[in-house]
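Novice: With chain C held as given, fit chain B with the ligand onto it using these hints.
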Amino acid sequence: MSDYIRRLPVYLLIDCSGSMHGEKIEAVKQGIRTLVSELKGDPQALETAYISVITFASAARQEAPLTELMLFREPELKASGATMFGRAVEVLIDCMNTEIRHSTQTQKGDWRPLVFILTDGSPSDAEDFKVNASRLKAMKAANIVACAAGADAKTEYLKMLTDNVLMMNSLTAGDFAQFFAWVSGSVRMTSKSIEAKPGELMLPPPPHGFQIVP
Amino acid sequence: MSEIAEAVLADGSKLQYVVTSNPPRGGMKYTYFAPDKSYVVQFFNDPKMGQDAKMRDRIAAIIGKYNPTVSEENGGAMGNTEQLAEYFADKYCWPTGIVVSPEFGIVSPAYPPKFFFDANSSLVSGLDLRGRDKKSNWFTSRNRKYLDPRELGNFMLMLKVCISLARSIRRMHAAGLAHSDLSNNNVLIDPKTGSCVVIDIDSLVVPELYPPEVAGTRGYIAPEVLATMEYPYGDPRRSLPCIETDLHSLAVLIYEFLLTRHPLNGPKHFPGMSAEEEDQRLMGSDAVFIEDPNDTSNRPDDLKVTIHDLGPYLEELFIRAFVDGLHSPKLRPTAMDWERGLLRTWDLLYPCDDPQCKAKMFVMYDADHPVCPFCGKKVSASEIVKFRLKKELRGKRGQWMQYGELVVYNNMPLFPWHVYSNIFADEKASREMQAYVVKQNGRWLLINQRIKGLRSASGDLIPPGKALLLRNNESFLLSDMPNGNLVETVMIP
Ligand SMILES: [Zn+2]
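So the sequences go chain by chain: C and B.
Per the numbering used here, numbering through the first sequence is continuous, rising by one, with the last residue being 973.
Per the numbering used here, numbering through the second sequence is continuous, rising by one, with the last residue being 495.
Same shape as in the complex, but just chain C (with noise of 0.2 Å):
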């Protein structure tokens, strides 16, 4: 019978840059750790939910594949090198091209993946940043929505990936907490109600603090 419950993909893009490193970076693997301990208590969240973590700093890449909760392991983050941002955004588009399960004669397809990205800083590769972000635009796959953790992010680049911008002002760990805390009520709510409008991205308000970039 399982084999008619359609999976919700997660993607976590994670900033892992020189500027991540220390506090900032321990707050986001410790939010990494509540998120997936938060879904699995969620009983449609633990059956459709599956979560794949994308890093970037000097290089892009997939730390975890597309898992599900019970089987997923938290990677081991670092914080060091540059932002290569673009080069994270194709790593994202090509996981998602081999990852994503569509509708064929023998298989239900996977519900629209939610993406969410969370960075300090802006691409070290702006151009490749800027290819690949509209082209991620234009696949239209996913439900993003992107945090700019402090004032160095640049929201410019951002809002390029996605009309879904936030704006975190302060960097403590309870920010971060608070982040994370409500990627997984966006996930939580995503897997239980239904689109109104097709498209349409239904999210809980952002945490207090939090602002929406217009």
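Calculated directly from the structure, the hints in this document are not laboratory data.
This one's a predicted model, so the numbers in the text were calculated from it and none came from an experiment.
Even for Gly, the Cβ is constructed at its ideal location relative to N, Cα and C.
Among the hints, erroneous ones may be present.
Stated by the list, open to error - Just some of the chain B residues that point at chain C, by a computed CB distance under 8 Å:
1) N24
2) L131
3) N139
4) W140
5) G268
6) P269
7) G455
As the list claims (entries may be wrong) - Here are the computed distance ranges between Cβ atoms for each label pair:
8) C:E785 - B:V373: 51 to 61 Å
9) C:R792 - B:D48: 25 to 35 Å
10) B:G274 - C:D853: 14 to 24 Å
11) C:A932 - B:E5: 16 to 26 Å
12) B:D326 - C:N928: 52 to 62 Å
13) B:I6 - C:D853: 44 to 54 Å
14) B:K39 - C:A932: 23 to 33 Å
15) B:S23 - C:A910: 20 to 30 Å
Specialist: The following block gives chain B with the ligand in isolation, referenced to the frame of chain C:
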């Protein structure tokens, strides 16, 4: 990251609650708990909603004159006695107060502890369920495999959960109220004790008041609601949540509870279509029951236990709900139909011979081929005993009509609704055991506990504490008091 805040209620009283940075959040509201967790305070995701006078009127009516958990004397529903209020108090999480400051919100009691998992509930390491609420799809989806078997109850207890749910919804519908978002999220169940509680009562549709805008939950929304969602709210073509849409959700939940699968989720799909669009069709305009006898396009090839195995009453109800009534809301069985059908099915329960069987009991609908459908074990007993319950026709002394059937097993209890034809096993009935049946040295005995006027086939009085020997094809009076039933014992070898 938490602090105590104070809510002022509409009646001027004050309540404390703990503000947390990421409160649990549903489609409409988010929740804070009392310092001692005995109640919750909920606010709306969209604070504008609380400023809506229509919404305030609706919630005031829900808390007051439509409230089945408070007696009429204390400002609750009309005709509600103290005893009925008490019965329903733990069947719903009914709001108790309106918060006016810091903003509009609702106070509700916390659900009883049995609806939360504990440290022993999870079977696997890496899944800590402590304190999580028992949303019903923990038990009906493939998540079941992660739970300790002690959490899962058995078929009889799940039938009890269904009866409790049908009764709670019947009570709401009798008052004209529709829940509007009945789903696995809003019905918590405890199979271990066979209980359930209906939550999120504040989005009820109240007669003559403006209906709430409810998004609904995937998999439980009635097909006609899903199929007309493209029309704007207020457009007459759009189907809105109402009692009939509740009846679809109720049938889905009962089907899930008894068969641990979704009635519309089968192999049918539309290749090439996006998941969202496809789902809209498969749960909406193109929905097909996976056990539809005429249309097999959505039938999985690995169905083991089917609605036929649930006995004639439930089979008929599921056909009405998911074949006749799937796209014709008026044809759906009512909550009362479900309550009656489930209770009649309860009377057909029979213990499985296999001590390893997880279902423990099954519906004995075919005494000539008695096999547990859940584990495949054939019944080894030398005979199946049944009671045909007959009531005396009004005004026609001595003329009896069969109106019920009871499958008998060792240690089976008899309740007032078995003894008297005018008692229905609802919230008003006494649940005091009247008698029970035992098998001793190959003989079947009915042990009278407190029935007045139990008489043997030859008319002898069997007082409480004494036994009546049961014989094939003999009829005896369960009670010679008014409305006492006549019972014909049938033994099928
Ligand atoms: Zn069995």
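Novice: Can you name, in rising order, the numbers of the hints this structure does not satisfy?
Specialist: 7
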